Amino acid sequence: MIVLEKKSGRIHLQLRALFMGEDVVVLITGGDRPHLGTITAGARLEPLQTIQLQTHKEFYITEEVAVRLRKSFRGNFAICCGAHLDQITKEEIPLLTELAVQLGDELIQKLSTHYKKV
1 MIVLEKKSGR
11 IHLQLRALFM
21 GEDVVVLITG
31 GDRPHLGTIT
41 AGARLEPLQT
51 IQLQTHKEFY
61 ITEEVAVRLR
71 KSFRGNFAIC
81 CGAHLDQITK
91 EEIPLLTELA
101 VQLGDELIQK
111 LSTHYKKV
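Reminder that position 97 of the sequence shown reads as 97 in the numbering used here, one-by-one numbering, no gaps.
Wrong hints could be hidden among the right ones.
Quick list of in silico lysine-lysine cross-link-like pairs, DSS-like style, CA-CA up to 25 Å [as the list claims (entries may be wrong)]:
1. K57 / K90
2. K71 / K110
3. K6 / K57
4. K90 / K7
5. K7 / K57
6. K6 / K110
7. K90 / K6
8. K71 / K6
9. K110 / K7
10. K71 / K57
If you anchor each label on the Cβ, the simulated ranges turn out as follows [what the hints assert, rightly or not]:
11. H56 / S8: 17 to 27 Å
12. D86 / D23: 29 to 39 Å
13. Q87 / G21: 18 to 28 Å
14. T89 / E46: 18 to 28 Å
Calculated directly from the structure, the hints in this document are not laboratory data. Nothing here was measured: the structure is a model prediction, and the numbers come from that model. A virtual CB, placed ideally from N, CA and C, is assigned to each residue, including glycine.
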């Protein structure tokens, strides 16, 4: 398992990557109430599939990380994300998204040096 964290102001996010053979499940959670908001699954040569639960907007995060991940990771993957920050400001929304994508980039870097590549 890989565990990564990012913090900025009130925002605290954690990424956990769990391996299932040559595949990976990525969990990105944080804020005041971690939850399951959006799931994006895919593979190197398959179209991405996203499930958005209720009115959650984490697909901005899961789809961006998925597009980046599929360029360098050969296995199947699922990215699950849910981060809620009470009374989030307009300035914090893009910051939360950027921090989550940065976590995804850090994961991709670790995967490219230690795990199966394209």
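Each hint, compared with the structure:
1. For the given pair, K57 sits about 14 Å from K90 by alpha-carbon distance, which is consistent with the 25 Å threshold.
2. Taking the CA atoms of K71 and K110, the gap is near 14 Å; set against the 25 Å cutoff, the hint holds.
3. Distance check on the hinted pair: K6 and K57 sit about 20 Å apart at the alpha-carbon level, within 25 Å; holds.
4. Our distance criterion of 25 Å between C-alpha atoms is met by K90 and K7, whose separation comes to about 17 Å.
5. Under the criterion of a C-alpha separation no larger than 25 Å, the hint pairing K7 with K57 is consistent with the structure, at around 20 Å.
6. Taken as a hint, the K6 and K110 pair is honoured in the structure, with Cα atoms around 16 Å apart against an allowance of 25 Å.
7. A distance of roughly 19 Å separates the Cα atoms of K90 and K6; the hinted pair therefore holds under the 25 Å criterion.
8. Straight-line distance between C-alpha atoms of K71 and K6 comes to about 23 Å, which keeps the hinted pair within the 25 Å bound.
9. Between K110 and K7 the alpha-carbon distance is near 19 Å, which keeps this suggested pair within the 25 Å criterion.
10. With a C-alpha separation of about 23 Å, the suggested pairing of K71 with K57 holds against the 25 Å cut-off.
11. H56 and S8 have their C-beta atoms about 21 Å apart, which keeps the hinted 17 to 27 Å range intact.
12. Range check, D86 to D23: Cβ separation about 34 Å, and the 29 to 39 Å hint holds.
13. Between Q87 and G21 the beta carbons are some 42 Å apart, a value that contradicts the proposed interval 18 to 28 Å.
14. About 37 Å separates the C-beta atoms of T89 and E46, a value inconsistent with the hinted range of 18 to 28 Å.
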